[in-house]
Amino acid sequence: MFKKKGLMLLLAFCLVLVAAGCGTNSNESSGGSKETAGESGEQVTINFMHLWPEGVSAGQNKIVNQIIKAYQDEHKNVTIKQEVLDNEQYKNKLKVLSASNKLPDVGVTWAAGFLQPYVEGKLFTPVDDLLSGELNGKFVSGTTEAYAIDGKTYALPLEFNIAPVYYNKSIFEKYKLEIPQTYEDLKAVAKTLSENGIAPIALGNKDRWTGSLWYMYLADRIAGQQTLSGAINGEGAFTDEGLLQAATEVQTLVDSHAFVKGFNGLSNEEAKSEFLNGKAAMYMMGTWELPNFTTNEDIPKEFRDSVGFFKFPKVEGGKGDINSWVGGPGVGLFVSENSAVKEEAKAFIEYFVTQWGEQAVTGAGVIPATKVDTSSMELPQLYIDLFNEMNQASSITLFADVQMQASAAETHLNMIQALFGKAVTPEKFSEEHDKAISEGK
Amino acid sequence: MDKVLSNKKIIALYVLPSLLLILAIVYIPIVLTAYYGLNKWNGIGAMTFVGLDNYLALFKDATFWNSAWHSLLLAVFSGISLLLYLIVAMVLAARINGANLFRKIYLIPMLLSSVAIAQLWLRIYHPTNGVLNSMLESLGFANPPAWLAEPSLVLYALFIPILWQYAGFYILIYYAALKNIPASLEEAAKIDGANALQIAWMIKLPLVMEVIKVTIVLAVVGSLKYFDLIFVMTDGGPNGASEVMASYMYHEAFRAYDFGYGSAIGFFLLVICLAVTWVIRKLTASKDTIQYS
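Residue numbers (the working numbering), protein chains in the order written: chain A, 114 to 554; chain B, 153 to 445.
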């Protein structure tokens, strides 16, 4: 009997041990490196969390691995441990890790409003010293500013994007359509297409920021860039006449069936596939989609060759300039304030950003935030054209949902979906914006 | 062995590990959630204690009540569909040909992950290429609705896959309960001249009543805290038309960075679920259980 009792006891202890073992394990994997920073030669592990999974962002994933390999070869004492997540999962995990103060040493962040709570919570470390070092003057102007709060920069930008309207040349040819020069032309093009049973514009407004792009361009062209950015940062108001008119125009477009059927229930991916399948004629999206229209072998060459782009047309009587764009830096790299290997991590992101510039252009077809001499590279025409447009831009307005603080951005996105779904009037749309933005201050 | 299990110390020793685990994983987080609900917190920086502000704001929040209404509708629909599942289970249990095969077919949706089901139904509901609309068009409906984009339809469009997903689970539970009824009771009733409907109503139903009560609680509470399919298929949209309590909680906490408010919603959701469970148990409590033997 005693023996049995002892056995039971032993079993119970084993159970406790197993449970405890699980605890320490998970702590270690999410807790960041335990190694202390020190002189070179000492083994250092840098945890790097990013959002380019192999399947979804094959080009970027390859570059990341190349850069990491090269860095480890040059710095024998450094090991870089990757954790790769999908976009939305990444955002969620970042928040959860922040709440428990267990951020990776190096990670990916978005600019402005997204960055703010992390900076206020003292989770990201300033990287200004890197900007004045080797990287001085390497960034496209306006990119690092988006990551600055109260005069300090908290991340190094990787990409820079603008949003043109892509269109399917062969559909345009078939119906003898010209690239719209004015907003009236655009509406006429949409009308012809929808009369012929072709969806004019692919829009996946379940994701909401996609619709925001359309509103922002209309606002920019009608009320002018100054008014729009003033309203977003709280100096002006969304109840401005021009901005109200822009909201009204959104509903006019909806009424004239300019967007694909059921756009409020479609995700951006679903809408994109309508465009890729030639079922919709136009698609407005950031330049991060360029690889799909240029080098991505999974998409038929015939289609890729027929993709062109145009700038959002002028609105007659509007104050906007046709060279004014909606866009901004995509993601950037931060170093965690509480990282045990801060200096090594900083050195790594400096290296990463430098390498990323050139490789991103040739390897992934992404427009980088650093200045790259493209004259000696062989690049798709579409890419070069957009690259040039970017250099001639008169102004670039940062995506509204990135620029605003989280809660105001959420209101903005909800209101966009409601506006497109005609669940609110333009007046209500504007009022809700002003309310949310003034509360956020 | 018996002696070991009657020793109180040993019992405590066995219970302790799982008790500690369940405390750490379930009960402590509940208390913490209630506490976070008392704070204004963006999930990252410092918390500011605001007392009951979040809970009070909840009562004035039209969006919250809207989503609560949607959750309630789902609960009502799942409650009603239990009846359908029971009927199916009765037919299956009545030794029809191929009952085994049908039982398996019904159970398969239960084995798929919610995300896979969501992807499947997204393709069914796709406004232009979807199976449903293609079928409707070929049947002569000129302009079928975009199911997931229409605020008045989206909620009901979502209910169908949700109910479909769990149908097999409840049918299986009922089937097992019905199979437990001794065949002799049915035979005796038949000899007394009862028809199939009478047997189902007078004999089978009372005997599986206890199981039915459990499934009602499961279905209603499960519906109130339902999240995954709605999150993947519509994300509460368009414009909040399919927002339920759990998705609203997620949006407030993770999208708007208002973890205090999100926690308040979460805690309130728990209170509602507990209250509903209690009410259902009171309503369905019977003084004596029926046993025919």
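Calculated from the structure, these hints are not laboratory results.
Here the structure is a predicted model, which is why all the values come from computation and not from measurement.
Worth double-checking, as some hints may not be accurate.
Stated by the list, open to error - Covered, in the sense of this in silico footprint (three residues per stretch, anywhere, with C-beta under 8 angstroms from a C-beta of chain B), are these stretches of chain A:
| no. | segment |
| --- | --- |
| 1 | 205 to 217 |
| 2 | 283 to 290 |
| 3 | 351 to 362 |
| 4 | 371 to 385 |
To be verified - Calculated Cβ distances over 10 angstroms to all of chain A for the following chain B residues:
| no. | residue |
| --- | --- |
| 5 | PHE229 |
| 6 | ILE232 |
| 7 | LEU274 |
| 8 | MET287 |
| 9 | PHE321 |
| 10 | GLY389 |
| 11 | ARG407 |
| 12 | ARG433 |
Stated by the list, open to error - Keeping only pairs whose Cα atoms sit at most 27 angstroms apart, straight-line, the calculated DSS-like set for lysine-lysine is:
| no. | chain 1 | residue 1 | chain 2 | residue 2 |
| --- | --- | --- | --- | --- |
| 13 | A | LYS535 | B | LYS212 |
| 14 | B | LYS212 | A | LYS206 |
| 15 | B | LYS192 | B | LYS161 |
Positions of the beta carbon are idealized from the N, C-alpha and C atoms, including for glycine.
**Message:** Could you work out which of the previously given hints the structure breaks and list their numbers from low to high?
**Reply:** Per hint list: 2, 3, 7, 10, 11, 14, 15 violated.
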